[in-house]
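Chemist: Produce the complete structure using the sequences and hints provided.
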Amino acid sequence: MSILLDRTTRVVVQGITGREGLYHTRNMIAAGTNIVAGVTPGKGGQTVENIPVFDTLSQAKAATDANASCIFVPPAGAADAIMDAAHAGIKLIVCITEGIPVVDMTRAMLVVHEKGARLIGPNCPGMCTPGQGKIGIIPYSIFTPGPVGFISRSGTLTYEVVALLTEAGIGQSTCIGIGGDPIIGSTFVDYLKLFEADAGTRAVVMCGEIGGSDEEDAAEYIKTMSKPVVAFVSGRTAPPGKRMGHAGAIISGNTGTAQGKVAALQAANVPVADTIFDIPTLVKKVL
Amino acid sequence: MKIHEYQAKEILARYGIPIQPGKVAYTPEEAEAIARELGGPVVIKAQVYVGGRGKAGGIQFGDTPEQARAAAAKVLGMDIKGLQVEKVLVVSKIDIKEEYYLGIILDRKSQTPIVMVSKEGGIDIEEVAETAPEKIIKYPIDMHWGLRPFEAYDIVARAGLPHQVVKQAGPILTALAKAFIESDASLAEINPLALTADGKVQAADAKILLDDNGLFRHKEYASWAESEESNPIEFEAKKAGLTYVKLDGDVGIIGNGAGLVMTTLDMVARVGGKPANFLDIGGGAKAEVMYKALTFVARDPQVKGILVNIFGGITRGEEVAQGVIMAQEHLPKGMPIVVRLSGTGAEEGRAMLKDAGLDWGKDMRDAAQKIVAALNAKG
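If you read the protein sequences in the order shown, they are chains A and B. For the first sequence, this note's numbering assigns the number 16 to the initial residue and increments by one for each residue that follows. For the second sequence, this note's numbering assigns the number 717 to the initial residue and increments by one for each residue that follows.
Keep in mind that a hint or two might mislead.
Unchecked claim - Cβ-Cβ distance ranges computed for the label pairs, FRET-style:
(1) A:Lys106 with B:Lys1094: 51 to 61 Å
(2) A:Thr71 with B:Met1042: 37 to 47 Å
(3) A:Tyr38 with B:Ala848: 24 to 34 Å
(4) B:Ala1089 with A:Pro56: 31 to 41 Å
Claimed, not checked - Derived DSS-like pairs: lysine-lysine, alpha-carbon spacing no greater than 25 Å straight-line:
(5) B:Lys1078 with A:Lys242
(6) A:Lys130 with B:Lys923
(7) B:Lys1078 with A:Lys299
(8) B:Lys1078 with A:Lys257
(9) B:Lys825 with A:Lys238
Stated by the list, open to error - Residues from chain B that keep clear of chain A, each with C-beta distances beyond 10 Å, as calculated:
(10) Tyr1007
(11) Val1019
(12) Gly1059
(13) Gly1061
(14) Glu1063
(15) Trp1076
(16) Asp1079
(17) Ala1090
Quick caveat, the hints were computed from the structure, so don't treat them as lab data. Heads up, the beta-carbon is just placed ideally off N, CA and C, and yes, glycines get one too.
Modeler: Okay, structure coming up:
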């Protein structure tokens, strides 16, 4: 069992003929993902790795009945690509693109909500369900199937922690990089709800970072969960007012500090790892 | 991107928001000439990217052009919270009767810009938010429409602005929202919005933060970025496509991915070291990028050693190792470097480092301990 993605998911790749789109489409196919179509305006009628390419998303959806999309469109057009997917009735949209103007995202989110779609990202590595497939750029080989759900605001930190879990013999149900921007389609709470309802998940690892209050909101929700959650928060040494790489990783005034997030999680009885090396031990304790 | 008050006011003026007449001066003589041109008493305002300049003496007055020159001479070159004042804004002095607050900020939770208006202006709005939150009217902008005039009137009226002010403040708020959205801002504040003795309403001070991600479609702001960073290394790193943040310690840190670099900083601090910087080389970096990153970090005179932490996916270990080896001879002699490589090409990369006599760590913790120990050994 898993959340959001399994072998039956039918994925369309938006921006399939670009350098990144092409490279990662090949990797997704190799991981067993069911890629059914690609979209690049002007390249309709071509094929990529035997996958039909369409000019528009609505054509791709009509021809292949895709139900998920993966977006590799550059920043200037990425919000439009999100709206395009939501508008066409795609219910799971994964946007990898980093650097989308935030005003564009405020508009894209209106359409995502109106159409009842779920957006993962943007500015994220995507997701994977070990043994089933992946959507995005996550290196699939470090994963192993198992009972632990994984959510993180950072890409490379995800790889690092998942590698530690796998090494410790702890497999994963579904892993999601939720995105490093100030406005992201789904937050920790959204995914925690899905893991709580998933029969294949027995515990969740959540890697947060400075900026915003999603970790604090998650702490409130975890109080109501039946499944255990282990957390880690990065940016304990980050100074206020400085953007630490991710557009969303910034301490503003007193909000968004690592200390505040750790305190909120501990108040909800969530074990918070001091360093990432403590995560596997804490997970073993709660499993 | 932070911009100066005079630049923020330039944007506001473009949207028809009334501001005091004035110009920027880089020398006392220029300030005198501007004061003469304006006629009457003027205010000299330091243009720096930090708050609290008034308390620091960065705002001075001059009744005559000669006094304006003397005031500008005092402010120019002044140090305000570590930043040197290079230019001042010279504006006509106005007779302020009342001060209000108008602000728009991107709200992460509701995923839309939120308008904030208060009768209590001219002071720190975060203070008002803490001590008297009921004095701030908050209103989310529906991005289908932007802020419509009837909404703006309603907000300023509910905030308790006097009737004669509402008539002028409504359109100013509508214009501020339009400026926020069209300029790709993440914050836009008029504080204070001033009511003068002659019944006029105008923006006496303004602050705007621009969204870096929106800059590509605003060529008109490109020149403002040139002087943006107070730290020359940060500014040059940005131009070179590296994400660099200067910190106070002596261990230079380079990694791939924001979260991993942040975690590396925490790890170095955890084992007793002090990070000197945050540097993210991004995904898929080639040897040249790694080389550039190392030489950048080493330019900070405080840096005594460097830790490189790479989890390879699209970034390849051989490329990283080659970049480190290329950079080595351009770094100060004897500066310790510890490299931690894992993932794609890690084994090949490690072999290359070994041949070049470079140290590596088996994981992030090991590497952090090694670089901190190397620095301690140097004393």
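Chemist: Confirm or reject each hint.
Modeler: To see whether the hints hold, each was checked on the structure:
Our hint of 51 to 61 Å for lysine 106 of chain A and lysine 1094 of chain B holds, since their Cβ atoms are close to 58 Å apart. At about 46 Å, the CB distance of threonine 71 of chain A to methionine 1042 of chain B agrees with the hint of 37 to 47 Å. Range check, tyrosine 38 of chain A to alanine 848 of chain B: Cβ separation about 55 Å, and the 24 to 34 Å hint is violated. The hinted range of 31 to 41 Å is not satisfied by alanine 1089 of chain B and proline 56 of chain A, whose Cβ atoms lie roughly 56 Å apart.
Pair hint lysine 1078 of chain B plus lysine 242 of chain A does not hold up; C-alpha atoms about 34 Å apart against a cutoff of 25 Å. Simply put, lysine 130 of chain A and lysine 923 of chain B have alpha-carbon atoms about 36 Å apart, too far for the 25 Å limit, and the pair is violated. Restraint check for lysine 1078 of chain B and lysine 299 of chain A: the C-alpha separation of about 23 Å stays at or below 25 Å, so the hint holds. Pair hint lysine 1078 of chain B plus lysine 257 of chain A does not hold up; C-alpha atoms about 30 Å apart against a cutoff of 25 Å.
Simply put, lysine 825 of chain B and lysine 238 of chain A have alpha-carbon atoms about 20 Å apart, close enough for the 25 Å limit, and the pair holds. Non-interface status of tyrosine 1007 of chain B relative to chain A is upheld: no Cβ of that chain comes within 10 Å, the nearest being about 20 Å off. Once the 10 Å rule is applied to beta carbons, valine 1019 of chain B is consistent with being away from chain A; the minimum gap is 16 Å. A cut-off of 10 Å between C-beta atoms contradicts the statement that glycine 1059 of chain B is not in contact with chain A; the least separation is 7 Å.
No Cβ of chain A comes within 10 Å of the Cβ of glycine 1061 of chain B; the nearest lies about 12 Å off, and the non-interface call holds. Every Cβ of chain A is farther than 10 Å from the Cβ of glutamate 1063 of chain B; the closest lies at roughly 15 Å, confirming the non-interface assignment. For tryptophan 1076 of chain B, the non-interface assignment is confirmed: its Cβ lies about 16 Å from the closest Cβ of chain A, beyond the 10 Å cut-off. With a minimum CB-CB distance of about 8 Å to chain A, aspartate 1079 of chain B fails to clear the 10 Å threshold, and the non-interface call is violated.
The beta carbon of alanine 1090 of chain B is kept farther than 10 Å from every beta carbon of chain A, the shortest such distance being approximately 20 Å.
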